[in-house]
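Residue numbers (the numbering used here), protein chains in the order written: chain A, 1 to 189; chain B, 1 to 104; chain C, 1 to 630.
Watch out, some of these pointers could steer you wrong.
[Stated by the list, open to error] Pair by pair, the computed Cβ-Cβ distance ranges are:
no., chain 1, residue 1, chain 2, residue 2, range
1, C, Val610, A, Leu157, 39 to 45 Å
2, A, Phe27, B, Leu91, 20 to 26 Å
3, C, Lys597, A, Val23, 40 to 46 Å
4, B, Leu91, A, Arg88, 14 to 20 Å
5, A, Leu173, C, Lys597, 46 to 52 Å
6, A, Val23, B, Arg92, 19 to 25 Å
7, B, Arg92, A, Leu173, 29 to 35 Å
The set of hints was computed from the structure by calculation and includes no laboratory data.
We put the CB at the ideal spot given by N, CA and C, even for glycine.
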Amino acid sequence: MSNLIFYAIAGIVVASGLLSLTVRNLFHCALFLAMTMFGVSGVFLYLNSDFLASVQVLIYVGAVTVIIIFGISLTRNLMDDRAKAMNRQLLFAVLAAAVLTVILFAAIHQSSFVTQEHPMAVTLGTVTSDTQSMTAVEAGASPVFQSVGYLADALLLPQNGFAFAFEFVSILLLSALVGAIVIARKDPS
Amino acid sequence: MNSIPLVHFLYLAAMLFGVGVFGVLARKNAISVLMGIELMLNAVNINFLAFARYWNWNSLTGPVFVVFVITIAAAEAAVALAIIISIYRHLRTANVDDAHYLRG
Amino acid sequence: MIQYSWLIPAMPALAYALIAIFTRKSKTVSAIISILTMGACFAISVGIFFELIKLDPANRVITFGATWLQIAPWQANVGVLIDPLSVNMLLVVTLISLLVQIYSWGYMHEDERCGTYYAYLSLFTASMLLLVVSNNYLQIFVGWELVGLCSYLLIGFWYFKPEAANAAKKAFVVNRIGDMGFLMGVVTIGMVFQTFDFAQVKDMVTQGMANGTYQGAYIAGIALLLFCGAMGKSAQFPLHVWLPDAMEGPTPVSALIHAATMVAAGVYMVARTYVLFSADPLAMTVVAYIGGFTAIFAATIALAQDDIKRILAYSTLSQLGYMVLSLGVGGYTSGMFHLTTHACFKALLFLGSGSVIHAVHNQDIWKMGGLSKKMSITTLTFAIGTLAIAGIPPLAGFFSKDAILDAVKDSNIWHHEILYYAAVFTAFLTAFYMFRLFFVVFTGEARDHHAYDHAHESPISMTLPLMILAVLSVVVGWLNWPGVDAYSKFVSYGEAHLEGASNIWQLLAQSWLSIVMAVAGILLSAMFYYWKVLSAEKMAETFKPVYLLLKNKYYVDEFYTWLVDKGLFGLSSILKWFDDEVVDDGMVDGTGWVARKMGGLFSLTQTGYVQNYALVVFGAVAVIFLLVSF
Chain A
1 MSNLIFYAIA GIVVASGLLS LTVRNLFHCA LFLAMTMFGV SGVFLYLNSD
51 FLASVQVLIY VGAVTVIIIF GISLTRNLMD DRAKAMNRQL LFAVLAAAVL
101 TVILFAAIHQ SSFVTQEHPM AVTLGTVTSD TQSMTAVEAG ASPVFQSVGY
151 LADALLLPQN GFAFAFEFVS ILLLSALVGA IVIARKDPS
Chain B
1 MNSIPLVHFL YLAAMLFGVG VFGVLARKNA ISVLMGIELM LNAVNINFLA
51 FARYWNWNSL TGPVFVVFVI TIAAAEAAVA LAIIISIYRH LRTANVDDAH
101 YLRG
Chain C
1 MIQYSWLIPA MPALAYALIA IFTRKSKTVS AIISILTMGA CFAISVGIFF
51 ELIKLDPANR VITFGATWLQ IAPWQANVGV LIDPLSVNML LVVTLISLLV
101 QIYSWGYMHE DERCGTYYAY LSLFTASMLL LVVSNNYLQI FVGWELVGLC
151 SYLLIGFWYF KPEAANAAKK AFVVNRIGDM GFLMGVVTIG MVFQTFDFAQ
201 VKDMVTQGMA NGTYQGAYIA GIALLLFCGA MGKSAQFPLH VWLPDAMEGP
251 TPVSALIHAA TMVAAGVYMV ARTYVLFSAD PLAMTVVAYI GGFTAIFAAT
301 IALAQDDIKR ILAYSTLSQL GYMVLSLGVG GYTSGMFHLT THACFKALLF
351 LGSGSVIHAV HNQDIWKMGG LSKKMSITTL TFAIGTLAIA GIPPLAGFFS
401 KDAILDAVKD SNIWHHEILY YAAVFTAFLT AFYMFRLFFV VFTGEARDHH
451 AYDHAHESPI SMTLPLMILA VLSVVVGWLN WPGVDAYSKF VSYGEAHLEG
501 ASNIWQLLAQ SWLSIVMAVA GILLSAMFYY WKVLSAEKMA ETFKPVYLLL
551 KNKYYVDEFY TWLVDKGLFG LSSILKWFDD EVVDDGMVDG TGWVARKMGG
601 LFSLTQTGYV QNYALVVFGA VAVIFLLVSF
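Here chain A stands alone, though its shape is the one from the complex (with noise of 0.2 Å):
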């Protein structure tokens, strides 16, 4: 059953995915994206990670799909919803992604992950609420996947090693919001 419900996420996720990229009115492509990011955190649960789940939506859902929906009000008041949305090389572009996707479906067919058993292969409850993330825990799996609590000591104990990077990756996001006001900011000439 829990199986099933992944494959209809995972149908979902490549769906709309794809529909976000191919309607011609951006607010319904920005919907499409929202509907993905839902999609890939569902996926997170699958993987037992449901604090990034909550993130994912919170950043994505939350975050990013608003700006960009904010970037489309902003430019879209000169846009022609009926120009064509693919540019000129729609067909090599097609044909690039394909043999992409096909040669990654080939590696990984031919890959060892195919047949190799997993030591930590849980089986899943269902997946609709903290306590069925726990029962895997309960099952075997390992702690790390219970709570908040590991990935905070992973990311800020020195110990760890993450703890600089994490630091780092902060001050990042303060330049590049202070970037992106900067460049967006209107000429002052």
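Let chain A serve as the given structure and place chains B and C on it in line with the hints.
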């Protein structure tokens, strides 16, 4: 056994990545290109978590990188939109095609 | 005294710098500096000479020096080599230069650039002395080129005269042709022997020839390259054309060039590098024949010239031919001896002609005449010089010329009898044209009365050198008085080669042919130009083609002009066409065209569309994947 094999996650990520590539290459509008990039990043995130989940159980590196990727994606989206708005202000369009000053 | 020998080239160079920088404006100070310096150089040279003859003949080679440049594996040294040969040259150069500088005071003091003139004279002499005392091939080359430069400056001293400027350029260019060969020879020596030092090269050649390391022809090749330089400097055919034109310079400069500082350099250089020449008969034969040919060739030209200095210039060519011939047939000592005696009487003749020109302000002998009544000292000294160059015993020319003829007769090179009779005939021609000059200029009636009336004897500063040189022209030959042979014992290559005659009568008896030829030349000349029983005009009319040929110097200049005109300029126009059409239009423009077109071609890839670039990136990734997986 109702567990989902690792490769299915990988297939999903591959498809999502391919869709993103298509968007980046084919869409006219710069914002759509940005969306394609976001899809590619999400595909990568799925891969990170899938491998973390199935491959290297005791390491938190995968989730940690997902955190970084999401952060940087957010920053990138902000800067990219700022650039798009700036271009729009100069060219009165957000089409990538129309910004081709570098033509030889 | 020998340890101060480095001062000999250094002092005139210093004098040059002093005059050129400080005292150029003052004629008197400049002249005094220059003359005193040269006097000091002469004094040192005499001191060195007396110190050297006190030494045992085996120890008469003294050399010292310092490193100039170290370019591994080569080492360029600067140094001094004192041996009988260089001392001989030092005495000749410093003495002639001293007398010429004294003489110049009388001749040039009215010229406003007199100070500059003395500066050039000092530099000229310094260069020649640097060349003479050199102990290696590189230094001799430096002096050699400096001499060439100074000759250019002095021949073109009156640069406002187009003839002088052209003559200076001609001298420089013709010398460059020879110097090219000389430079190649020097570089070859450096490559072959890894040293430039005379003594080391000499040892290596001697040993190498003995044990067969070097082929004779190989060494001869180097020698002939060096000889190219000597042909340029010593004005041997076919590079002789600059010397007759060099008389455009002030007459004392001509004296200096012809007697001591310039043309002697070539002969001296051959003597200095004699080990290379004597290594192979081929080199010697070439040298001998070029010398012999130049001797007779120049003598015939001199028969038909009208310019007093031009006649003397061709006589110099002829006498230089003698010297080169002598070196070529192995007469090392006689060649150098003739250089020494010739320096005296040729300087005398040139300075005498300068005195004449100073008096009549003309150089055409047919506008002179009867000058003996006005200029007794000049006439007397000139007569001595003429007798000396004609080879009349017991004057200097007789001894040295006879030694050369003797050396030619005794040599064993290819058909030396041709050279011998050519040399003897040249002696006849020399006597003839020199006495023609003498009779026309100094005897008979005045032809240009205006010039004649203003003619006067030159001042003491000019006649004093003439008298000194006249005495020397008589006595220098006695250095090799038969039975004494002082010169031969002093300057010799290998074992001293003594003349066969043991006393003067034997010598006179031996050389009856050359004496008869000289006297015959004088008598014939007197019949034409003194007694006037024969008419030169009629002769010239009868043999008009020959006369014109001689008068026009065998058309060598015209031939060179034609050669340059047709050959060089023709080649140049072909090259110009090639340059215009192929290099410019084809290659230069073509390169630009190709670059532009290639740029246009490749700029097609620079579409400016970012997504094109992204497509290329992803497409390339796909292609690489496919390539790797198959």
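A quick look at each hint next to the structure:
{"no.": "1", "hint": "Val610/C / Leu157/A: 39 to 45 Å", "verdict": "42 Å, holds"}
{"no.": "2", "hint": "Phe27/A / Leu91/B: 20 to 26 Å", "verdict": "22 Å, holds"}
{"no.": "3", "hint": "Lys597/C / Val23/A: 40 to 46 Å", "verdict": "45 Å, holds"}
{"no.": "4", "hint": "Leu91/B / Arg88/A: 14 to 20 Å", "verdict": "18 Å, holds"}
{"no.": "5", "hint": "Leu173/A / Lys597/C: 46 to 52 Å", "verdict": "49 Å, holds"}
{"no.": "6", "hint": "Val23/A / Arg92/B: 19 to 25 Å", "verdict": "24 Å, holds"}
{"no.": "7", "hint": "Arg92/B / Leu173/A: 29 to 35 Å", "verdict": "31 Å, holds"}
Violated hints for the displayed structure: none, as all numbered hints are satisfied.
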